[in-house]
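Protein sequence lines, in the order shown, are assigned to chains S and A. Under our numbering, the first residue of the first sequence carries the number 1, and numbering increases by one thereafter. Under our numbering, the first residue of the second sequence carries the number 1, and numbering increases by one thereafter.
The hints are simulated quantities; they were obtained by calculation from the structure and are not laboratory data. Because the structure is a prediction, the values reported are computed rather than measured. Using N, Cα and C, we set each Cβ at its ideal position, and we do this for glycine too. It is possible that some hints are incorrect.
A short list of chain A residues far from chain S (calculated; beta carbon distances all over 10 Å) [stated by the list, open to error]:
| id | residue |
| --- | --- |
| 1 | Ser92 |
| 2 | Met93 |
| 3 | Ser96 |
| 4 | Pro108 |
| 5 | Val145 |
| 6 | Ser157 |
| 7 | Phe169 |
| 8 | Gly170 |
| 9 | Ile212 |
According to the in silico footprint, chain S covers these stretches of chain A (three or more CB under 8 Å from chain S) [claimed, not checked]:
| id | segment |
| --- | --- |
| 10 | 36-48 |
| 11 | 53-67 |
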Amino acid sequence: MQTAALLAAAILIGLGIYGLLSGRDLIRLCLGISIMETGMLIAFAAIAFRPGASAPIIYQAVEAYVDPLPHALTLTAIVIGAGITAVMLSLAVMIHSHYGTIDIKVLDDDMPELKSSNRG
Amino acid sequence: MTRRGILAMLTALAVSFTFWRLFSSLLIPLQSLQPVSDHFLSHGVEETGAINIVCSVLLDYRGFDTLGETMVILASVTTVSMLFRGLSHSDSMGLSLMVKRSIGYMAPLFWIFAICIIMNGHLSPGGGFQGGVILAAMTILFTVVFGVEFSAVKRVSRYNQIIEYICAFGFILTGLWGLMISGAFLGNLIANFPAGRPGTLYSAGFMLLLNILIGLKVMAGLSSIFLYLQKDAGHVCIDTETEDD
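Model the full assembly from the supplied sequences, consistent with the hints where possible.
Written as structure tokens, this is what we have:
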């Protein structure tokens with residue numbers, strides 16, 4: 001169970017890295033970062049899991065509970081990921097409306113003012 | 001496949017494999033609970049009054065982190081609103097009459113579900129963040145189905161900022177009350193908030209209050225992010241429009 005969840009998390013993180021490195025599209029970069037976040041959340045849930053344990057809500061006698069701390073961290077990470085995604089997407093929209101493209105290569109080569117600020 | 005694609009794929013495989021090895025060989029064998037988690041599980045109910053231990057970690061033991069987390073939402077809403085300042089809403093008329101009527105019948109159930117999740121945050125899985133996201137999804141649904149000119153949507157977009165500020169202020173005031181009574185910021189039961197009987201609605205001190213505040217704040221924040229992002233950004237091309245070759 002844990003192994004399967006970890007495998008899924010590793011695959012998702014690899015997919016996110018591939019999307020980040022292979023794409024030149026800003027929306028694609030946002031998607032890659034979001035997919036990596038999802039993989040990390042699944043890894044948190046896998047760490048918290050213990051065989052045969054139940055959810056950490058204490059209203060009846062259960063022999064074991066799963067670790068509540070990664071769950072709290074996961075909740076924090078989801079909310080912060082939503083905020084980061086919102087800022088990334090709005091920056092992409094703004095870049096598209098100002099420069100007419102969201103291709104990083106076009107932005108890098110064809111915009112002289114961006115180029116001078118990038119290359120010093 | 002280009003050289004760039006092959007390099008990206010190799011890097012992704014390497015990162016994926018490293019992640020897999022790291023977690024499966026280092027972290028998973030630690031099957032015994034860490035001391036801090038063990039303390040949360042064995043003393044959480046008597047120290048916080050909440051039977052949902054995740055909620056007691058979020059709102060009592062690490063309440064200060066949750067305050068910072070809500071500030072992250074506030075910061076991202078501020079950034080988005082700064083970027084989309086002064087743009088007009090895109091005009092949408094909504095969907096057909098059939099969809100509008102059926103959403104009208106289903107909306108009360110959605111509201112009850114969200115309020116139930118928020119109010120039972122310290123008793124069952126859920127809480128302010130989850131219920132607030134459902135409330136924000138209600139705003140999105142109303143905007144898509146009824147259009148931006150619908151009066152409820154306009155009212156939401158008008159009062160979003162003020163709801164957000166009031167809820168953040170209420171959170172900080174709750175923490176300052178604990179500081180004044182017990183000497184600990186966000187002190188819950190040590191600041192004489194009523195513990196109640198664990199497992200009932202009015203228990204766990206200020207957690208019900210904080211869940212309601214966080215739920216309203218997340219609703220206001222996420223729905224105002226949506227309402228900013230659906231604004232019409234097509235007309236602000238200034239002078240650097242790319243020429244067609």
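Reported absence of A/Gly170 from the contact zone with chain S (all CB gaps over 10 Å) = Since the minimum Cβ distance to chain S is about 18 Å, A/Gly170 lies beyond 10 Å and the statement holds.
Test the statement that A/Ser92 is away from the interface with chain S: the closest C-beta pair must be farther apart than 10 Å.
-> Given a closest Cβ separation of 17 Å, the condition holds.
Should the label of A/Ser96 as a non-interface residue stand, given a Cβ cut-off of 10 Å to chain S?
-> 28 Å, holds
Non-interface claim for A/Ile212, where every Cβ of chain S lies beyond 10 Å = 17 Å, holds
Minimum Cβ distance from A/Ser157 to chain S greater than 10 Å, as the annotation requires = Correct as stated: the minimum Cβ-Cβ distance to chain S is 16 Å, above 10 Å.
Confirm or reject the statement that A/Met93 sits farther than 10 Å, beta carbon to beta carbon, from all of chain S.
-> Holds, because the least Cβ-Cβ distance between A/Met93 and chain S comes to about 22 Å, which exceeds 10 Å.
Hey, does A/Val145 actually stay past 10 Å from chain S on C-beta?
-> Non-interface label stands for A/Val145: nearest chain S Cβ at 22 Å, farther than 10 Å.
Consistency of the no-contact label for A/Phe169, given chain S and a CB cut of 10 Å = The assertion about A/Phe169 holds, with a minimum of 19 Å to chain S.
8 Å C-beta test of the segment 53-67 of chain A against chain S, three or more residues | Three-residue rule met by the segment 53-67 of chain A, so holds; n is 7.
Beyond 10 Å from every chain S Cβ: check whether that's true for A/Pro108.
-> With a cut-off of 10 Å, A/Pro108 remains clear of chain S, as the shortest Cβ separation is near 26 Å.
8 Å C-beta test of the segment 36-48 of chain A against chain S, three or more residues | holds (count 6)
In summary, the structure agrees with every hint in the numbered list given earlier.
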